[in-house]
Amino acid sequence: MNKMNFSKLILIVVAIFIFSGCSAKYITKGEEFPRMYDQQPKSILILPPMNESTDAEAKDYYMTTVEEPFAMMGYYIFPVEMVSEIMKQEGVYDTDLLYNMPLDKLYEYFGADAVLFTKIKKWDLLYAVLISNLTVSIEAKLVSTKTSEELWKYTGTVVVDLSSNSGAGGLAGLLIDAVATAVSTATSDYVDYAHVANSKLVYTLPAGPYSESYMKDQEAKLVDQTPVQ
Amino acid sequence: MTKIYKLFIVTIVGFLVIGCTSPKKYLYNYGNYSQSYYNLKKYQTDEAGLELQKAMEKTIAESKNSLSKRVPPGMYANLGYLYLKAGKSSEAIESFTKEKTTYPEATHFMDRMIKKVEVTEGKNNE
Chain A
0 MNKMNFSKLI LIVVAIFIFS GCSAKYITKG EEFPRMYDQQ PKSILILPPM NESTDAEAKD
60 YYMTTVEEPF AMMGYYIFPV EMVSEIMKQE GVYDTDLLYN MPLDKLYEYF GADAVLFTKI
120 KKWDLLYAVL ISNLTVSIEA KLVSTKTSEE LWKYTGTVVV DLSSNSGAGG LAGLLIDAVA
180 TAVSTATSDY VDYAHVANSK LVYTLPAGPY SESYMKDQEA KLVDQTPVQ
Chain B
0 MTKIYKLFIV TIVGFLVIGC TSPKKYLYNY GNYSQSYYNL KKYQTDEAGL ELQKAMEKTI
60 AESKNSLSKR VPPGMYANLG YLYLKAGKSS EAIESFTKEK TTYPEATHFM DRMIKKVEVT
120 EGKNNE
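Protein sequence lines correspond, in order, to chains A and B.
184 is the number that numbering that gives the first Met the number 0 gives to position 185 of the first sequence; each next residue is one higher, with no gaps.
118 is the number that numbering that gives the first Met the number 0 gives to position 119 of the second sequence; each next residue is one higher, with no gaps.
Nothing false has been slipped in among the hints.
Pairwise CB distance ranges, derived in the manner of DEER restraints:
(1) A:Thr225 <-> B:His107: 34 to 44 angstroms
(2) B:Tyr25 <-> A:Met49: 24 to 34 angstroms
(3) A:Glu211 <-> B:Gly121: 39 to 49 angstroms
(4) A:Ala55 <-> B:Lys122: 31 to 41 angstroms
(5) B:Lys87 <-> A:Pro226: 44 to 54 angstroms
(6) B:Thr106 <-> A:Thr53: 40 to 50 angstroms
(7) A:Glu149 <-> B:Arg111: 21 to 31 angstroms
(8) B:Pro103 <-> A:Leu125: 45 to 55 angstroms
(9) B:Lys115 <-> A:Thr225: 38 to 48 angstroms
(10) B:Thr106 <-> A:Tyr92: 17 to 27 angstroms
(11) A:Pro226 <-> B:His107: 36 to 46 angstroms
(12) B:Pro103 <-> A:Glu211: 16 to 26 angstroms
(13) B:Pro103 <-> A:Gln88: 22 to 32 angstroms
Taking lysine to aspartate or glutamate pairs in the EDC-like style, the calculated list, with each CA pair at most 20 angstroms apart, reads:
(14) A:Lys41 <-> B:Asp110
(15) B:Lys99 <-> B:Asp110
(16) B:Lys40 <-> A:Glu84
(17) B:Lys41 <-> A:Asp54
(18) B:Lys41 <-> A:Glu67
Quick caveat, the hints were computed from the structure, so don't treat them as lab data.
In this text, a Cβ means the ideal position worked out from N, Cα and C, and glycines have one as well.
If we strip away everything but chain B, and leave its shape as in the complex, we get:
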């Protein structure tokens, strides 16, 4: 019985050591994105919107700190859409372009968005 007890302790210690030596890195570094997104839905204030934008910009800045070293899928696009709603058309187009160069899967959708922004811009300049 003492042997079983010892074995148990060794196993536990083993788990603890493994837990300590390998800090887990994920495919992407989302940072506070999901939490900030939830806060926006919950409080629906301008501050919460700004917090979300900051969280996105931080996620993009710290994307290298992940297994993929890439910005998470959709992050540039979501941010670009925030810029677009704030009337910053050129920043929006820049973000949409980054989304499709990072993820070719987004090309079709992003091209559609960029075209839409350009058409609206053209109308405004007339």
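Next comes chain A alone, as it looks inside the complex:
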């Protein structure tokens, strides 16, 4: 490749970045989540996830990915496995019961400032002759146990195109690839992408008291997910 072509390539890449940036609207943490800065929750109780996907195992698997990223944001996170087992013992493991539980009861039992509700919206593999995608989509919502107000909400989605790295050529090759993809996509891949989905949503959370950025990140920008009216 000569230098001329290389420079052109760079210009194209830069242009793509600029254009794709244009389609997203940005907003600051302070504008989007003012209640986080007003109420300043210090501790978060993570409840077992609500599973809207077709994969029954997604709930147990996703649960193992949430504790670490939220703690890293500077909040006290209640022990996830212990909490979920206690909930089971108390007869409220079924997520519908859990999610309709009065928040003051959770405050009374655990002493948590806020509760994190997570919803697995997508955890699936779509594979056809020409396209195969793996999608993991998580909606997370933080609610105050004191005021019952929603403090923060964001969705992280990861779509992985599995059809791009074709080995064999032609239509037959595509079919072979599709089968190979389905076989090689073990459950561990989903969890890897769940970690990515988490990092896509957790960066929008205002930093907690154990973080150096606590009460200093109001100007940090994030992609506005509010639907256009």
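Position chain B relative to chain A; hints supplied.
For chain B alone, coordinates are given in the frame of chain A:
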């Protein structure tokens, strides 16, 4: 055009150098905790349970290797709960106590747990 090309190379090299000189330290050192926790959910075997316990104990032992120099939130409590299920009441109480001294936010919940263990212990000793 050659200038742009040079600038690009310099930028790339710059990124590489920065990447090399600052090894990233996180607020907490979780080690293998999340992976072991996932393995337990996936395989649900006694070995996986033991692996998780080991990962937790290692995380606690190596907690100084982090920005906060603290044991991650909930780690002592989760471990204490494993001890409790294994019938090791005094170790459980010790872990629950450490959780609340490290994180005062946990005091209410840990006190509730400690009280529960003590009541059960009392009954067993009668």
